[in-house]
Amino acid sequence: MEWPKNTERNKNLRQVIAFTSFKLLSYAVVMILFLILAQIIYKGISVISWEFLTAMPEDGMTKGGIFPAIVGTFYLVLGSMVFAFPIGVLSAIYINEYTKDSFYKRFIKLMTNSLAGIPSIVFGLFGMTLFVNTLGFGDSILAGSLTLGLLTLPVVIRTTEEALKSVDDSFRHGGYALGATKLQTIRRVVLPIAFPNIITGLILSIGRVSGETAPILFTVAAYFLPKLPTGIFDQVMALPYHLYVISTSGTNVAESQPIAYGTALVLIMIVLLVNIAANTLRRYLGKKVKMN
Amino acid sequence: MNHIIATEKLNLYYNDFHALKNISMQMRPNTVTALIGPSGCGKSTYLRLFNRMNDLIDGVKITGDVRVEGKDIYAKNTDVVELRRKVGMVFQKPNPFPKTIFENVAYGLRVNGINDNGFIKDKIEQSLVQAALWDEVKDKLNKSAFELSGGQQQRLCIARALAIEPSIILMDEPASALDPISTAKIEELIYELKENYTIVIVTHNMQQAGRVSDNTAFFYLGELIEYGETKEIFTNPKDKKTQNYITGRFG
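Sequence order for the protein chains is P and A. The first sequence begins at 0 in numbering that gives the first Met the number 0 and counts up one residue at a time. The second sequence begins at 0 in numbering that gives the first Met the number 0 and counts up one residue at a time.
Careful: at least some of the hints might be erroneous.
Claimed, not checked - Derived BS3-like pairs: lysine-lysine, alpha-carbon spacing no greater than 27 Å straight-line: (1) P:K108 / P:K181; (2) A:K60 / P:K104; (3) A:K120 / P:K287.
Said to hold, decoys possible - From chain A, some residues computed to sit far from chain P (all C-beta separations above 12 Å): (4) H2; (5) H17; (6) N76; (7) E124; (8) S181; (9) E191; (10) E228; (11) Q242; (12) N243.
By construction, these hints were calculated from the structure, which means they are not laboratory data. Just so you know, even glycine gets a beta-carbon here, dropped at the ideal spot from N, CA and C.
Input sequences plus hints: build the corresponding full structure.
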């Protein structure tokens, strides 16, 4: 029987074209990222100084530093972590380890996934209604942290769930077979193995929280507040909101433009550092888990 | 006591699938029983009855009687955690925890509430000696268990199971992922362990069943086709299916 002709026509050429285009597209993505970074660094680096990082804003925010905004963002991140991490991690443990594949489990998952899809401005409105007004926290670190915490909760749940799912069942079975209870197996076997990935997920969610603007708009952020907070019921400035304010509704938008870029640069550097920290920590912990 | 393990008219269903059909079988203490049969015949499912590992699978239903040391282990008031202390298990793929060699063996003791470090230390040595691993690891107890070879990991898992002093050890194809030398070591070990433990082993390897076991049970499509002395089964099988299987005509 004669083998049909031309079965392998252009096979290699197609391969080359396909891979080249994939490669170019991926380069394009990286290029865009570099362009953004380059622009911000180019325009912002000139204002970065020790004084810029540690001084109060002056002259209608056209001069001086962004210290209160840095501190404010720090507090908000810390506050949202305190709320979101324990609740998120424990919920994920419950969903992944305890619920069987039931209607209830699918329902919880649908809900957490939907929660992740809600626009952040809606969280802002919700936070304002519930925390600021109904519970009477006012515009405060507490209200802002809770709102940010709610926003990041689904992310925390999902990353923790993924981390738990990646733990092979053979470890769980090994634990049960030695007479360990479910709780003991989770605590002594599953969690230590999943820990590096859980931590990475948590740190990445910090990166996201630190850049959110909409949720803090109505719940905590101050337009201009040249002093540091003294308690959780104080308002604070925050980096993303500060950036928004001085580039849209400051006293002199044109004059404060360098400061806007400087603020953006600081914000991006924080997120970048957080991401690098997450990766380093995961690699370090990953090794440690294997060793122990 | 005559029988340490016994099932009576045991049926098991995975949802609608009838996986074990009316199985009645008894095992005596200090014997090695091999469960053989083609893939999907139910032998692993049968093995997992005795420490109730099947509980972890959704949709499993059981009727009939399963007795370990005379007690109905599927009775309502059974303490499953306690049962699993008495009935240890070694899995197909070595599954040491990502902990040190020491902590792997200590794990079973710790989860059962033992905190006496002196006792734990002695018990670990004893278990590793019993599992014929002590000489190879005594100088690196604080190294990760993952640094061991596959065969060593499997013996570590056996040591881990021995540490909590079970009376029965279930082995689910314990050597199928190992090289021939490691396999020989495990088999030797099984032979020695039988002095103090009752062992039930699932195996795909006919020669292995012939070498290590006193009794052999042949399963086919969820039914127990033949059960008897290993010598008898291998030299003079009564059932045609058994004969075909052990001579390699199917499976």
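Cross-check of the supplied hints:
1. P:K108 / P:K181: holds (22 Å)
2. A:K60 / P:K104: holds (22 Å)
3. A:K120 / P:K287: Distance of about 23 Å is within 27 Å: holds.
4. H2: holds (23 Å)
5. H17: H17 (chain A) clear of chain P: closest Cβ-Cβ about 22 Å, beyond 12 Å.
6. N76: At roughly 17 Å from the nearest Cβ of chain P, N76 (chain A) sits farther out than 12 Å, so the non-interface label holds.
7. E124: Nearest chain P Cβ is 18 Å from E124 (chain A), so the label holds.
8. S181: holds (18 Å)
9. E191: E191 (chain A) clear of chain P: closest Cβ-Cβ about 21 Å, beyond 12 Å.
10. E228: holds (29 Å)
11. Q242: holds (35 Å)
12. N243: holds (33 Å)
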